[in-house]
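> So the chains spell out like this:
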Amino acid sequence: MKYLDEYRDQRLAATLVDEIRRTVTRPWTLMEVCGGQTHSIVKYGLDELLPVQVELVHGPGCPVCVTPLEMIDRAHAIARRPGVIFCSFGDMLRVPGSHGDLYQIKADGGDVRIVYSPLDCLKLARAHPQRPVVFFAIGFETTAPANAMSVWQARAQGLSNFSLLVSHVLVPPAIAAILESPRNRVQAFLGPGHVCAVMGWSEYEPLAERYRVPMVITGFEPIDLLEGILMAVRQCEQGRATVENQYARAVTREGNVEARKMIGRVFEVCDRAWRGIGVIPLSGYRLRPEFHAYDAERIFDIQNVHATEPEICISGQVLQGHKKPHDCPAFGTQCTPQTPLGATMVSAEGACAAYYNYGRHLAQVSR
Amino acid sequence: MCLAIPGKIVELLDTPGVKMAKVDFGGVFREACLEYLPEAGLGDYVMVHVGFAITKVDEEEAARTYQTLREMDQLADLEADELLEDPHEVP
Chain V
1 MKYLDEYRDQ RLAATLVDEI RRTVTRPWTL MEVCGGQTHS IVKYGLDELL PVQVELVHGP
61 GCPVCVTPLE MIDRAHAIAR RPGVIFCSFG DMLRVPGSHG DLYQIKADGG DVRIVYSPLD
121 CLKLARAHPQ RPVVFFAIGF ETTAPANAMS VWQARAQGLS NFSLLVSHVL VPPAIAAILE
181 SPRNRVQAFL GPGHVCAVMG WSEYEPLAER YRVPMVITGF EPIDLLEGIL MAVRQCEQGR
241 ATVENQYARA VTREGNVEAR KMIGRVFEVC DRAWRGIGVI PLSGYRLRPE FHAYDAERIF
301 DIQNVHATEP EICISGQVLQ GHKKPHDCPA FGTQCTPQTP LGATMVSAEG ACAAYYNYGR
361 HLAQVSR
Chain P
1001 MCLAIPGKIV ELLDTPGVKM AKVDFGGVFR EACLEYLPEA GLGDYVMVHV GFAITKVDEE
1061 EAARTYQTLR EMDQLADLEA DELLEDPHEV P
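Chains as they are written, first to last, in my numbering: chain V, 1 to 367; chain P, 1001 to 1091.
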């Protein structure tokens, strides 16, 4: 397929790996921010092609992973209500709450629907005017314009039976939290290509400058990732710390202005809890007061739902680049994609699930 | 989750309220919302995420990136050829 196949060229990949090998003179630790990038890296084994000096650690950019267990329990509490049509992206259905997952709720008679786009929920709301239709609005800045549009359109179309359960998170505050940690190991970032397609990259410039850390906005195909790694390693070796854009075919400095405008109309920035990490100040979106009538947390009484995480799980340290999946005694034994204990195993884009799905639990891989 | 897939706009749909298009993803056709890319037209390649076109694929940039990488590949070939030659051989 055009714009995919050419970025999976094996020969070019080998050339880029050679170039990285020629460039690197000492050890560097790089973090790819986005879960989609983690998935590609592990799927294609890119990290294992790199010279030993270049270590990749895996970032917090998997929205399904970082949605707190408590929020999942709240979603389930709503989905179990009689009459409710509960809509979600498919990857959220398998994520276990404290008592089963959305598939279980569906099997028990709950009306749970997988949607391709949040606009699909509006069709459902129109078709079932007597029933509340709730959409589980998770995601980073990439998904926020779509979710914002659903609320904007619901209001424009006078749909009063539609609401969002919002658990939106933002990338730059998470990067700042990782860099602020006294245990931080990350020396350069591969920035999230599709988040930046929406938001642009100007927010990343003060981070690169303040923390003296190179950032390369990077795409998702093997060639993109290897080129992003090469650009980041070059900056490290040359002692530079700027924002560079590997993904120029999809990302501009200002991002998508229309999409950003709509985000600003519907959402406002708030503190958010990240699963495995805890509360990061000003790291998420919530609905603006004028859209409170579409806020499922206000419509349904779910504030008394609380949850506790298994103590053994080290996903918070994996998400911040302090540890790798193999450092966890439960990885691949007690904790698998079928029986996940925490954030990084619950979604295919989580580092632990990616390692498991591509067979890395079978052999001890050192890095 | 944040994955966006490149596809080609093959039809602009006449939908009330929201601007929509039919997009070809290598033979799979889906609708996508064009509200955030009002300038996108027939034949354009767009990146689609959860049913929304979020950015146009810049064909020049795509070609340039690929060309740069190709040149690097050729450079590597040249270097490899040089290594094969015997430096002591008198031409």
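Check before you lean on any hint, since a few could be wrong.
[Unchecked claim] Restraint ranges, calculated between C-beta atoms of paired labels, are given here:
| hint | chain 1 | residue 1 | chain 2 | residue 2 | range |
| --- | --- | --- | --- | --- | --- |
| 1 | V | Lys106 | P | Gly1026 | 41 to 51 Å |
| 2 | V | Thr308 | P | Arg1064 | 48 to 58 Å |
| 3 | V | Thr25 | P | Leu1012 | 37 to 47 Å |
| 4 | V | Thr25 | P | Glu1059 | 34 to 44 Å |
[Unchecked claim] Derived lysine-lysine pairs resembling DSSO-like cross-links, with alpha carbons at most 30 Å apart:
| hint | chain 1 | residue 1 | chain 2 | residue 2 |
| --- | --- | --- | --- | --- |
| 5 | P | Lys1008 | V | Lys43 |
| 6 | P | Lys1008 | V | Lys323 |
| 7 | V | Lys106 | P | Lys1019 |
| 8 | P | Lys1022 | V | Lys2 |
| 9 | V | Lys123 | V | Lys261 |
| 10 | V | Lys106 | P | Lys1008 |
| 11 | P | Lys1019 | V | Lys261 |
| 12 | V | Lys43 | P | Lys1019 |
| 13 | V | Lys261 | P | Lys1008 |
| 14 | V | Lys323 | P | Lys1022 |
| 15 | V | Lys123 | V | Lys106 |
| 16 | P | Lys1008 | P | Lys1022 |
| 17 | V | Lys123 | P | Lys1022 |
Think of the hints as simulated: they come from the structure by calculation, not from any bench.
Every value quoted in this text rests on a predicted model; they were computed, and no experiment measured them.
Virtual Cβ for every residue (Gly too), placed ideally from N, Cα, C.
> Evaluate each hint against the coordinates.
A quick look at each hint next to the structure:
1. The beta-carbon spacing between V:Lys106 and P:Gly1026, approximately 31 Å, falls outside the hinted interval of 41 to 51 Å.
2. The beta-carbon spacing between V:Thr308 and P:Arg1064, approximately 52 Å, falls within the hinted interval of 48 to 58 Å.
3. One distance hint, 37 to 47 Å for the beta-carbon pair V:Thr25 and P:Leu1012, is violated here, with the actual separation near 53 Å.
4. The beta-carbon spacing between V:Thr25 and P:Glu1059, approximately 37 Å, falls within the hinted interval of 34 to 44 Å.
5. The suggested pairing of P:Lys1008 with V:Lys43 holds, with an alpha-carbon distance near 26 Å, which does not exceed 30 Å.
6. Annotation: proposed proximity of P:Lys1008 to V:Lys323 is violated, straight-line Cα distance about 41 Å (limit 30 Å).
7. Of the supplied pair hints, the one linking V:Lys106 and P:Lys1019 is violated, its CA atoms being roughly 33 Å apart against a limit of 30 Å.
8. With a C-alpha separation of about 17 Å, the suggested pair P:Lys1022 and V:Lys2 falls inside the 30 Å cut-off, and the hint holds.
9. At roughly 24 Å between alpha-carbon atoms, V:Lys123 and V:Lys261 fall within 30 Å of each other, so this suggested pair holds.
10. With a C-alpha separation of about 36 Å, the suggested pairing of V:Lys106 with P:Lys1008 is violated against the 30 Å cut-off.
11. As the CA atoms of P:Lys1019 and V:Lys261 are separated by approximately 17 Å, the hinted pair is consistent with the 30 Å bound.
12. Using a Cα cut-off of 30 Å, the hinted pair V:Lys43 and P:Lys1019 is violated, with the two alpha carbons roughly 36 Å apart.
13. As the CA atoms of V:Lys261 and P:Lys1008 are separated by approximately 25 Å, the hinted pair is consistent with the 30 Å bound.
14. At roughly 44 Å between alpha-carbon atoms, V:Lys323 and P:Lys1022 are farther apart than 30 Å, so this suggested pair is violated.
15. Only pairs whose Cα atoms come within 30 Å are accepted, and V:Lys123 paired with V:Lys106 is accepted, the gap being roughly 20 Å.
16. Straight-line distance between C-alpha atoms of P:Lys1008 and P:Lys1022 comes to about 8 Å, which keeps the hinted pair within the 30 Å bound.
17. Of the pairs offered as hints, the one joining V:Lys123 and P:Lys1022 holds, with about 18 Å between alpha carbons and a cut-off of 30 Å not exceeded.
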